[in-house]
Each structure stands twice: as structure tokens, then as C-alpha cells.
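Q: Next come the chains, spelled out residue by residue.
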Amino acid sequence: MSVLEIKDLHVSVQTDQGVKQILRGVNLTINEGEIHAIMGPNGSGKSTLAYTIAGHPKYHVESGSILLDGAEVLTMTVDQRARAGLFLAMQYPVEIPGVTVTNFLRTAKTAIDGEAPAIRTWIKDVRGAMTNLRMDKSFAERNVNEGFSGGEKKRNEILQLELLKPKFAILDETDSGLDVDALKIVSEGVNRAKENTGLGLLLITHYTRILRYIHPDFVHVFVNGRIAEQGGPELADRLEDEGYDRFLVPEIVN
Amino acid sequence: MSVAPALKTTPTPGGSTLPESTTQHGNKAHTDGRFGYVPVQTRSDRFKSVNVADFDAVTGREAVWKLSPVAKFTDLTAGELDGAVYPISSEPVDGVTVDWVDRTDARIGTAGTPEERAAANAWSTFEKALAITVSGEEAKEITVTRAELGTGARAAHVIIEAKPFSQATVILQNNGDARLSENVEIILGESSNLTVVSVQEWNSGAVHLTNHFASVGKDARLKHVVVSLGGSIVRVNPSVRLAGSGSDTLLLGLYFADAGQHLEQQVYVFHDAPHSRSRVTYKGALQGQDARTVWIGDVLIGNKAAGTDSYEQNRNLVLSEGTRADSIPNLEIETGDIVGAGHASATGRFDDEQLFYLQSRGITEEEARRLVVRGFLTEVIQQIGSPALETRLQDAIEAELLSSDSLPAAVTPAVEAR
Numbered sequence: 000m001s002v003l004e005i006k007d008l009h010v011s012v013q014t015d016q017g018v019k020q021i022l023r024g025v026n027l028t029i030n031e032g033e034i035h036a037i038m039g040p041n042g043s044g045k046s047t048l049a050y051t052i053a054g055h056p057k058y059h060v061e062s063g064s065i066l067l068d069g070a071e072v073l074t075m076t077v078d079q080r081a082r083a084g085l086f087l088a089m090q091y092p093v094e095i096p097g098v099t100v101t102n103f104l105r106t107a108k109t110a111i112d113g114e115a116p117a118i119r120t121w122i123k124d125v126r127g128a129m130t131n132l133r134m135d136k137s138f139a140e141r142n143v144n145e146g147f148s149g150g151e152k153k154r155n156e157i158l159q160l161e162l163l164k165p166k167f168a169i170l171d172e173t174d175s176g177l178d179v180d181a182l183k184i185v186s187e188g189v190n191r192a193k194e195n196t197g198l199g200l201l202l203i204t205h206y207t208r209i210l211r212y213i214h215p216d217f218v219h220v221f222v223n224g225r226i227a228e229q230g231g232p233e234l235a236d237r238l239e240d241e242g243y244d245r246f247l248v249p250e251i252v253n
Numbered sequence: 000m001s002v003a004p005a006l007k008t009t010p011t012p013g014g015s016t017l018p019e020s021t022t023q024h025g026n027k028a029h030t031d032g033r034f035g036y037v038p039v040q041t042r043s044d045r046f047k048s049v050n051v052a053d054f055d056a057v058t059g060r061e062a063v064w065k066l067s068p069v070a071k072f073t074d075l076t077a078g079e080l081d082g083a084v085y086p087i088s089s090e091p092v093d094g095v096t097v098d099w100v101d102r103t104d105a106r107i108g109t110a111g112t113p114e115e116r117a118a119a120n121a122w123s124t125f126e127k128a129l130a131i132t133v134s135g136e137e138a139k140e141i142t143v144t145r146a147e148l149g150t151g152a153r154a155a156h157v158i159i160e161a162k163p164f165s166q167a168t169v170i171l172q173n174n175g176d177a178r179l180s181e182n183v184e185i186i187l188g189e190s191s192n193l194t195v196v197s198v199q200e201w202n203s204g205a206v207h208l209t210n211h212f213a214s215v216g217k218d219a220r221l222k223h224v225v226v227s228l229g230g231s232i233v234r235v236n237p238s239v240r241l242a243g244s245g246s247d248t249l250l251l252g253l254y255f256a257d258a259g260q261h262l263e264q265q266v267y268v269f270h271d272a273p274h275s276r277s278r279v280t281y282k283g284a285l286q287g288q289d290a291r292t293v294w295i296g297d298v299l300i301g302n303k304a305a306g307t308d309s310y311e312q313n314r315n316l317v318l319s320e321g322t323r324a325d326s327i328p329n330l331e332i333e334t335g336d337i338v339g340a341g342h343a344s345a346t347g348r349f350d351d352e353q354l355f356y357l358q359s360r361g362i363t364e365e366e367a368r369r370l371v372v373r374g375f376l377t378e379v380i381q382q383i384g385s386p387a388l389e390t391r392l393q394d395a396i397e398a399e400l401l402s403s404d405s406l407p408a409a410v411t412p413a414v415e416a417r
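So the protein lines, in turn, are chains A and B.
Terminal number for the first sequence in numbering that gives the first Met the number 0: 253, no gaps in between.
Terminal number for the second sequence in numbering that gives the first Met the number 0: 417, no gaps in between.
Worth flagging that the hints you see were computed from the coordinates, not collected in a lab.
Where is the CB? At the ideal position from N, CA and C, for every residue including glycine.
Heads up, some of the hints might be wrong.
[Said to hold, decoys possible] Computed spacing ranges between beta-carbons, pair by pair: (1) B/D289 with A/R208: 19 to 29 Å; (2) A/D7 with B/S203: 50 to 60 Å; (3) B/G384 with A/K19: 43 to 53 Å; (4) B/A398 with A/G127: 34 to 44 Å.
Starting from the given sequences, assemble the full structure and let the hints guide the process.
A: Here's what the structure looks like:
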């Protein structure tokens, strides 16, 4: 039974105006097979949490700890974290000119597994996953994310999620910029991945829309760099009705 | 031409700029005082001649030479060249003839005229021209290899002609030693479709100065690719005149400069007919102490070129300290009635976001860097259109990357490390 624990995490970034504190003591435990939604207004630090877990060098961890099955994630390099079983589906996936999707997927799978995948089953797995995500065959020979529409980029992220089979995945605003059909396809992919591998999910979103298709076990409201309130799925419904206004008066936050 | 090149100026101690006196043929200093000095205003107005005696001795201050290590090849600019026929090898291909023709061949001089002394020196000296003539509408590919030029200073002249409506890919493969100055004339008949790839994989001491002059006829399409990997000093200057209405050119370049290597390309596209289209993409990587690249991209949209569509770009990826990349795009427009004209240039280190993305998928930093460089250069290779050559060049790039033990450690990402 895998577990991802975030303990009293404080994170800052360097800006032109000096050091800016973003995360101010985040505590969160995700067990294998659980879906946690993190919701919050813009600028509350949701994406910072996602990128800090993945190890983006821009974010400076001042204190705290991230443990994956008891092992300290913060001392791992970005690629070590991925090989340990963490995956970040990015809000703005990066274009890699000259590197085809096929080449990229095979390289990543080889890196994660420590050995090259058996060629026949791998091709079948890739084709199957692409078909499920309604991705045309031609995607395989296109350069990674180059000229992809917003929806295609998000599908490509979920394709990797399904093929790389992480223990825990963080989905950073995967719903943003998707029309309703694409949202359904992407959500099906996430649900399929969870069904197949039993991974734990941290779903970061501004809107409740995606929660109609991916049902969270827990909802955390993120305000001003920490969790201001948490509860079950009913909390999302309340946010849908009331918005984030009641959290935005600083005095009320803890 | 009665005007002096723009860069023939010398700063005086007083701070003003004076024209340097010149004895260049037909290029006398004005007598009406220094204020009458007018630099070359238009790219097409540069002094041209096939006769080496018409050019002054090269000083390195000339516009065409100012970024080149001219002292290292005075034998090519000022010495006597061997203009004799040299060994070539190629497999026979239907629809392509390869032969040596006399200086009196009617095609010689139809695609362009030298604008500098090394090219004129070669033009004055070559005994026979290598002529590659393409006919027939079916697609075909020929590789002509030169690998036995030796270490003596040499002149060469090559003609590549595509007859009207013909189609082919012509690969000039260069290996071995060389001290070579040459002119290549590329002549595209009406509606022909020609790809010319010039691959420089010379030995490490080689010096190669070449000008490719192309004239593209009505509705014809030229794809021109420069691949420079090996050699000490390699300077390939393609100059394309879109001479016929509806003519089209794609100019691609790929270069990888290692320590001490000088790889240069001065690209010039002259839109001289309506509805002509050009795209220029040159990409280079630099690695090692004193690795040096130069890219100058001139586009001139002439007053006859209504409906022109033009875009040029140069990208350089700097992989280590101690390198220098010059990138100079120039655009001149003489008619406002165009579809588009633009240029872009960027020289930088690794894109840290690309590395982060790849690493976040479990790929090690070293492998991620290789993928990014390979991908950066592959973007050009993917457009060549010759599968066998593309595979071979991929392998050559791979070898360049693997030979570089400095690659993983040399560049520290420009981001705050934890």
C-alpha cells in the first residue's frame, strides 16, 4: 500500500521583487487508490504544490518534507522522482522539437522501467491507449506537443499517465481549456488508469466541472498557500454554489 | 558599381568615420569630399566580377569577410589555385548525367557572379566544370562524392542543372582533405523540382569556401540544404535568385561546430519575380573552446516581386562555454505589395523547461540533453526528404554528441538550483 505524505511544506520563489513565500505549511496524505481534489482561487499556490512535488528547480523548499512510502522525495532529482513513481500532468505541456511522440514514449518507458519494453506488446499498448483517447495514429510520428491543440496536449499527458503507470499522479488543471467532449475523453483516461493500476490522484483544479467525471474521495480548499478547509465531495458542491469568497478574507483563514 | 562597400570605413581618432581609399576596379573614391560617400544601399548592388584581378587584396574588413578568419586561407584568396579535374565518385542514375564540361559551356555564368576574391580566384582558375544535369519527371536521387581533393589549394566549378519539369535530389558529399575555393551554379528550368544537399564532412584540417548561386525559373522549386559537420573552416554561401514568377525555395542549414571549428553561411535570397516564396531555416549547435559559427541571412524583395512571401530564421544552441555564434538577419523590401516577410534569430542555451519536462518522465538529465540537441537539429534533417541521408545524418549527429564528454556537465541550467 503506497502512500504520499506532504508534511508542513513551506516553499518560496525568487522574483524580481525578492523572495516570495508561496506555500505556508501544507499537510496532506494521499493513499494509493484515493482521489484528492485540491481547489482554490488563482494564485493560491495550487500549481506551486504540483511543481514542487515534481521537483521543478524554480521552487525553493524552505522547510517540510514529502515522503513517498517513507522515502524523502525532496532530495531526489526530477527524474528520480518520476522513476520512484510520481507523475505530473502539466497544465502547459512543453513542445520538444524534433523528438517524436513514439521516440519520447519509448525513452520514458525505458527510463521508468529500467529496461526497454518488449517491442510487440509495447506497440500494442501504445496503439490501444491512443485509440482509447481518440488520438489519431499520426500523433505517434509528430514531434512532442509541437503544433498540438490545447486538447491534444492534455490527451498526450493522459496517454503518458496510462503508459508510464505511476503510483501517484498530480493533474495540474488538466481540465483547463478543454471542451466538454475532450474533458470526457480525458476523464475516462484518468479513471481507466486508476482502475488498471490503482494509483493515487491529486487533482488540481479551479473549477468543479471535472469533478463530475472524476469523483474525488476528498476535497481540499487551498487558500493563501495552505489548506483552509477539507471534506468529502459535498465540499465541492458547496464551492460550486458559493465560490471562494468566504475564504478570501485573511482573518477567517485559520 | 561605383560605390564602396558599406564596411570599408575606418574610425578616426576624432571619432568621425571616413571612407577608406580604395583602388578597387571601377570603385574610385568620390572627389566631391567625404560627404559624398554612399555605402552600398541594396544587396543586389554589391560589386561582382568573375575576374580575380578586379578585387582588392582581402583585408578582413570587407562586408563579406569581416566575420571570417581570412588570415588562415590567404592561399585561397590570393594564391595560385590548382584548377585541374579531380576524382569524383557516383553511381549511375537514370535521368542524371555527370560529366566534365569546358569553360565555354553556355550555362557557366548564368546563375551568378562572385562578390568576393576567393570565389573570383576559383572562377578565374578552374579548367573544367563538373556538370550534373537532371532531366525526366520521375523522382530520383544521386550522390556525388568528393573525397580525394588533397591538401593543395584548389579551384572548382560545379553546375547543377534541372531541365524544365524535371525532378531530382542531388547530394554533394564532401569528405577527406581539402583546401578548396569553388563556385556552384544551380539552374532550375521552368516547373522543375530540385533538391540540392551539400554535406561537409571534411577531415579536421580542411578549408572549404564555396558560393552556391541558384537561379530558379517560373514555377520551379528549389530545396537547398547545407550540412556542415567536419572541417576546420567551412564557409558555404548560398545565393538564390527567384527569377521566375511563382518560383519557390526552401533553404535549410544544419551545422555543428566543435572546438576550434569555424562554420559560416551567408544566405541571400533575392525575390526578383512576382508571387515568389522563400523559407530559410538554419540551425546550429556549438560546443567546445572557440567553436565559432556565423550566419548572415539577407533577403531582398525587389520591386518586381509583388505577392512575395518570405520568412527566414536562424537558431543556435550553445552547449558549452567558450563558443561564439554570430547571427545576422537582414531584410530589404522594395515593394509594399507582399504577402509576408519576416525574420527571426535566437541563440541560447538549453531550454530548461524542455529538460524539466523530459526529466519529469524519468529520463536522466544527460539523456534529456541529448534528446533536446538531437531534436533541435533533427527538425532540419526531417525536412531533407532523403530517408537514407536522413538516417546517416542522424547517426553523424549522434556521434558528435557521444564524442562530447563535456556535454552533460558543461552547461549549468540558468535556474536556481535547490
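Q: Checking against the hints above, which ones are violated?
A: Structure breaks hint 1 only.
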